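Asks: Sequence:
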Amino acid sequence: MKKAFFVIGMFFTVIFLARIAVIRADETPVKLVPVLKINKEYDKRTTIKPSTVPNGGNGLFAAAPIKKGEVIGELGGRLVTAEDPPANQPYLASIPECAWEETQPYRYLDSKDFGGNVSRTNFAPSKINGIETDFQNAAIAQLCSYPYFVFVALKDIEPGAEIWSSYGPHYEYDKFMTAPEVRDFFCGLLKIDCHEKYTYEY
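Under the numbering used here, the first residue of the sequence shown carries the number 11, and numbering increases by one thereafter.
Source of the hints: derived by calculation from the structure; they are not laboratory data.
Quick caveat, the model's predicted, so the values are computed rather than measured.
Any given hint might turn out to be false.
[As the list claims (entries may be wrong)] In silico BS3-like links for lysine-lysine, alpha-carbon gap of 27 Å or less: (1) Lys137 - Lys165; (2) Lys201 - Lys165; (3) Lys59 - Lys207; (4) Lys122 - Lys59; (5) Lys78 - Lys185; (6) Lys185 - Lys201; (7) Lys78 - Lys54; (8) Lys59 - Lys77; (9) Lys165 - Lys77; (10) Lys47 - Lys77; (11) Lys78 - Lys50; (12) Lys201 - Lys59; (13) Lys207 - Lys137.
Sequences and hints are given; from them, build the entire structure.
Replies: Here it is in structure tokens:
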């Protein structure tokens with residue numbers, strides 16, 4: 011009897027898979043892409059919610075105390091070849107050249123999806139009008155071996171604090187940072203008037 015049930019089950023499985031194959035044949039083929047996995051245990055230390063920065067979308071906040079020098083989280087995402095980088099993608103990170111032998115043929119990481127909590131870390135300027143802000147409490151460390159990207163605390167971070175970092179020299183900041191509400195937000199935190207003069211550094 012068990013053998014009969016097994017045969018019947020296999021028959022319906024084959025029919026079901028055949029139906030899927032027919033449906034898929036009429037659709038555009040799904041492109042499978044490799045994803046860089048991360049240690050999700052780190053994500054327990056942070057939470058994602060609306061940023062305090064105007065127009066900042068979702069931001070990253072500490073859910074537990076994080077000490078200076080500790081890893082906040084790993085950056086994951088979709089691995090992308092040099093021939094296929096998405097255009098105008100703010101979540102795209104360049105894999106360090108020293109890791110290329112391991113990541114062949116991939117040169118980039120698209121962290122928009124599967125990026126982990128740290129992919130929602132927002133930017134804050136290191137200087138405004140030449141004045142040190144001390145806003146950034148995290149930094150991106152690029153590694154020559156897996157996991158290739160980690161966010162590290164630059165100072166002790168208390169629960170509830172938003173986590174801010176620099177995105178490096180190649181990111182296009184101006185469209186975001188020159189918005190009056192963003193300018194006024196950061197200048198207000200620094201307690202300076204930026205209406206006459208406003209410059210910032212990443």
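Asks: A separate judgement is required for each hint: does it hold in the structure or not?
Replies: Checked hints:
For the suggested pair Lys137 and Lys165, the alpha carbons sit about 17 Å apart, so the restraint of at most 27 Å is met. For the hint linking Lys201 to Lys165, the alpha-carbon distance of about 21 Å falls within 27 Å, and the restraint holds. Taken as a hint, the Lys59 and Lys207 pair is broken in the structure, with Cα atoms around 32 Å apart against an allowance of 27 Å. Distance restraint check for Lys122 and Lys59: the Cα-Cα separation of roughly 16 Å lies within the 27 Å cut-off, and the hinted pair is therefore satisfied.
Proposed proximity of Lys78 and Lys185 is contradicted: the alpha carbons are some 31 Å apart, above 27 Å. Restraint check for Lys185 and Lys201: satisfied, since their Cα atoms lie roughly 23 Å apart, inside the 27 Å limit. The suggested pairing of Lys78 with Lys54 holds, with an alpha-carbon distance near 17 Å, which does not exceed 27 Å. Straight-line distance between C-alpha atoms of Lys59 and Lys77 comes to about 21 Å, which keeps the hinted pair within the 27 Å bound.
Of the pairs offered as hints, the one joining Lys165 and Lys77 holds, with about 7 Å between alpha carbons and a cut-off of 27 Å not exceeded. Taking the CA atoms of Lys47 and Lys77, the gap is near 24 Å; set against the 27 Å cutoff, the hint holds. As the CA atoms of Lys78 and Lys50 are separated by approximately 20 Å, the hinted pair is consistent with the 27 Å bound. At most 27 Å may separate the alpha-carbon atoms for a hinted pair to count; Lys201 and Lys59 meet this at roughly 25 Å.
With a C-alpha separation of about 13 Å, the suggested pairing of Lys207 with Lys137 holds against the 27 Å cut-off.
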